[in-house]
Amino acid sequence: MTENSSTHRMNSRADSTDNIKRFGSLDAVLLLLCAAFALWLYYRSSAGVNYIWHWGDALSLLFTSRADGSLPYFFQGLLATLRLSFWGISFALIVGTLLGLAKFSSSAWLNKPANVFIQLVRNIPPLVFVFIFYFFISNQLIPLLGLDGILRSYPAQINLVQETLFGPANLWENLLSGVLCVGLLSSAYVAEVVRAGLQSIEAGQWEAADSLGMSTWAKYRYVIAPQVLKSITPALAGQTISLVKDTSIVSLISIQEMTFVGTEIANSSGYIFEIWLIVGFVYFLICFGLSTFFRTLEKHHK
Amino acid sequence: MKLLTATVTAVLGIILALPSTAATEVATPNLDSIDERGTLRVGMSTFVPWAMRNKQGELIGFEIDVAKRLAADAGWEVEFVPTAWDGIIPALLAKKFDVIIGGMSITPERSKSVLFSLPYSHSGVQVAANKELAEGFSEFSDFDSRRVKIAARRGAYTVQIARETFPKAKILQFDDESQAFQEVLNGNAHAVIASSPKPEHETIKHANKLFLPFDQRLSQGNEAFAVRLDEQDKKAFFDKWIELRTEDGWLKERYEYWFSTLDWQNQIAHNQ
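Residue numbers (the working numbering), protein chains in the order written: chain B, 1 to 302; chain S, 1 to 272.
Hints in this document: simulated from the structure, not taken from any laboratory.
Remember, predicted model here, so these are calculated numbers, not experimental data.
Treat each hint with caution, since some may be false.
With the Cβ distance kept under 10 angstroms, some of the chain S side facing chain B (calculated, not the full set) [unchecked claim]: (1) S45; (2) E58; (3) V78; (4) P82; (5) P90; (6) L93; (7) K95; (8) Q173; (9) D175; (10) D176; (11) E177; (12) Q182; (13) T203; (14) I204; (15) Y255; (16) I268.
To spell it out: a stretch of chain B is covered by chain S in this simulated footprint if at least three of its residues, at any positions, have a beta carbon under 8 angstroms from a beta carbon of chain S; those stretches are [unchecked claim]: (17) 28-42; (18) 223-237.
Virtual Cβ for every residue (Gly too), placed ideally from N, Cα, C.
Work out the full structure, taking the sequences as your base and the hints as a guide.
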């Protein structure tokens with residue numbers, strides 16, 4: 001009864017373990033409706049849309065390895081998306097936590113600039129932010145830090161660890177721009193989550209820590225942080241998943257991740273619908289995997 | 001007061017003198033920076049048959065041949081920077097690459113933001129129409145109606161041609177050409193306007209759905225390399241190369257191969 005349980009999960013958000021899973025008439029009706037919709041979609045895709053499907057060709061295209069025997073182009077894009085997500089979320093967590101702490105701080109020197117940054121990023125559409133950031137800021141920032149030269153003149157020979165973590169050397173600058181973009185974008189949201197978490201701690205906890213004569217570090221490390229972390233994990237999980245999806249936005253500034261690679265393959269081969277459906281499915285797999293992972297993590301903590 | 005006047009004059013004199021000395025000292029700063037790096041970075045966008053991915057994911061196409069030959073002749077390595085078409089001019093201005101070799105047609109608007117070389121290819125724009133919706137259409141005026149929808153690739157030169165030729169028609173813009181053609185095949189638009197030879201190729205492929213309403217191409221486009229506005233030295237260098245390769249017929253021969261034959265079709269997935 002896998003269908004039964006899956007519809008059940010879809011219909012009831014509160015999926016507690018003691019919920020009795022029974023196949024009711026409503027489930028049957030919903031299943032029928034879903035099936036009818038799927039059939040109608042299939043009918044439209046074959047009759048209404050004038051499109052000849054080439055699933056076999058499209059799939060074999062995606063699995064064709066490069067001329068030099070390396071990973072297929074599509075998988076290089078997928079790996080780039082994973083790298084971008086990993087470094088992006090690491091960057092966002094660090095910067096976001098610092099920003100959140102700064103915004104929570106009582107010093108105007110810290111909380112005002114942090115607040116300005118957070119409000120600016122949160123109130124601009126991600127796409128617009130990405131364009132502004134890429135063409136104006138990243139363009140000034142990377143040469144300023146001298147990274148341009150370092151990344152470009154890096155010896156062509158890189159070892160396997162570097163390759164796995166950062167990808168091919170000629171795309172490092174590309175990856176860095178992407179990570180900065182997604183990371184900064186996401187850090188503003190992470191900062192708000194952290195600040196809200198900090199504010200949710202009762203005054204009594206702060207006072208108790210102070211009255212025990214704890215240093216600032218000990219206070220945060222042993223009293224505040226454990227409680228904050230527990231309360232903000234669900235929100236951070238949501239932010240992580242949304243960051244993975246946001247990485248597709250940076251395809252517009254030519255960061256060569258899965259969406260960008262998908263566009264190129266779809267345009268060159270003409271298997272537009274197949275490629276986009278596959279790309280969508282892969283994003284779904286990554287994000288669904290992540291959300292399952294976080295759910296088990298939360299249950300584990302309880 | 002005297003001292004102040006003297007200082008101001010001196011400062012002004014220095015400011016005025018500086019640019020002229022700088023200009024005479026360095027003749028080809030932009031070319032030198034490519035020489036120093038040894039690599040020509042070329043901005044391009046996927047656009048059949050100008051530049052596309054073959055089955056193995058390698059770049060092939062007319063543009064790719066041109067850029068490779070240019071780099072080989074100048075003794076440089078070549079590095080392609082695939083870029084989304086919408087952002088290709090901003091990316092050039094932001095120095096993400098040295099030159100756009102991307103089938104970019106020369107237009108007065110674009111000339112305000114980039115410097116074009118001499119044209120290296122002359123393509124045209126053609127219309128492919130849906131056989132049912134546009135039945136019997138053969139004049140420009142047939143398409144110039146509020147009821148007619150014409151599909152085109154966003155931001156492309158073709159949109160401009162479509163607006164000029166069919167001012168009353170509704171122009172539907174898509175991110176890439178395949179989507180624009182699909183819209184006509186689906187019967188959601190009367191016609192699609194695109195750079196030759198794509199409309200001709202598609203009409204052959206979907207002979208039961210599409211036809212070419214006009215015998216003549218709509219406009220003669222001139223495609224050129226694009227560099228940043230202040231890079232006259234690069235333009236001069238590219239102009240010379242284009243002149244040379246036009247004279248010896250190499251550009252024409254490559255153009256014929258990619259645009260008039262379909263010999264390269266087996267290198268890419270065969271649906272195109």
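Structure-based check of all given hints:
Look at S45 (chain S): its Cβ gets to within about 9 angstroms of chain B, closer than 10 angstroms, so that hint holds up. Of the supplied interface hints, the one on E58 (chain S) holds, with its beta-carbon coming within about 6 angstroms of a beta-carbon of chain B, less than 10 angstroms. A hinted interface residue such as V78 (chain S) counts as satisfied when its beta carbon comes closer than 10 angstroms to some beta carbon of chain B; here the least separation is about 12 angstroms, so the hint is violated. For P82 (chain S), the suggested interface contact is upheld, since its CB lies about 6 angstroms from the closest CB of chain B, less than 10 angstroms.
Residue-level restraint check for P90 (chain S) holds (minimum Cβ-Cβ distance to chain B is 5 angstroms; threshold 10 angstroms). Hint status for L93 (chain S) relative to chain B: holds, with the closest Cβ pair at about 8 angstroms, below 10 angstroms. Annotation: K95 (chain S) was flagged as interfacial toward chain B, and the flag holds, the nearest CB pair being 7 angstroms apart, inside 10 angstroms. The closest approach between the C-beta of Q173 (chain S) and any C-beta of chain B is roughly 16 angstroms, which is over the 10 angstroms cut-off, so the hint fails.
Proximity of D175 (chain S) to chain B holds as hinted, the smallest CB-CB distance being about 8 angstroms (cut-off 10 angstroms). Interface hint at D176 (chain S): satisfied, since its Cβ lies 5 angstroms from the closest Cβ of chain B, which is below the 10 angstroms cut-off. Residue-level restraint check for E177 (chain S) holds (minimum Cβ-Cβ distance to chain B is 7 angstroms; threshold 10 angstroms). Here the hint on Q182 (chain S) is kept, as its CB sits about 7 angstroms from the closest CB of chain B, short of 10 angstroms.
Here the hint on T203 (chain S) is broken, as its CB sits about 14 angstroms from the closest CB of chain B, past 10 angstroms. With a least beta-carbon distance of about 14 angstroms to chain B, the hint placing I204 (chain S) at the interface is violated under the 10 angstroms criterion. For Y255 (chain S), the suggested interface contact is broken, since its CB lies about 19 angstroms from the closest CB of chain B, more than 10 angstroms. Hint on I268 (chain S) holds. Least Cβ distance to chain B is approximately 6 angstroms, under the 10 angstroms limit.
Only residues whose C-beta sits within less than 8 angstroms of a C-beta in chain S count toward coverage, and the region 28-42 of chain B has 0 of them, not enough to reach three; the restraint is violated. Coverage of a stretch by a chain is defined here by at least three residues with a beta carbon nearer than 8 angstroms to that chain's beta carbons; for the region 223-237 of chain B and chain S the count is 0, and the condition is violated.
Checked against the numbered hints given earlier, this structure breaks hints 3, 8, 13, 14, 15, 17 and 18; the rest are met.
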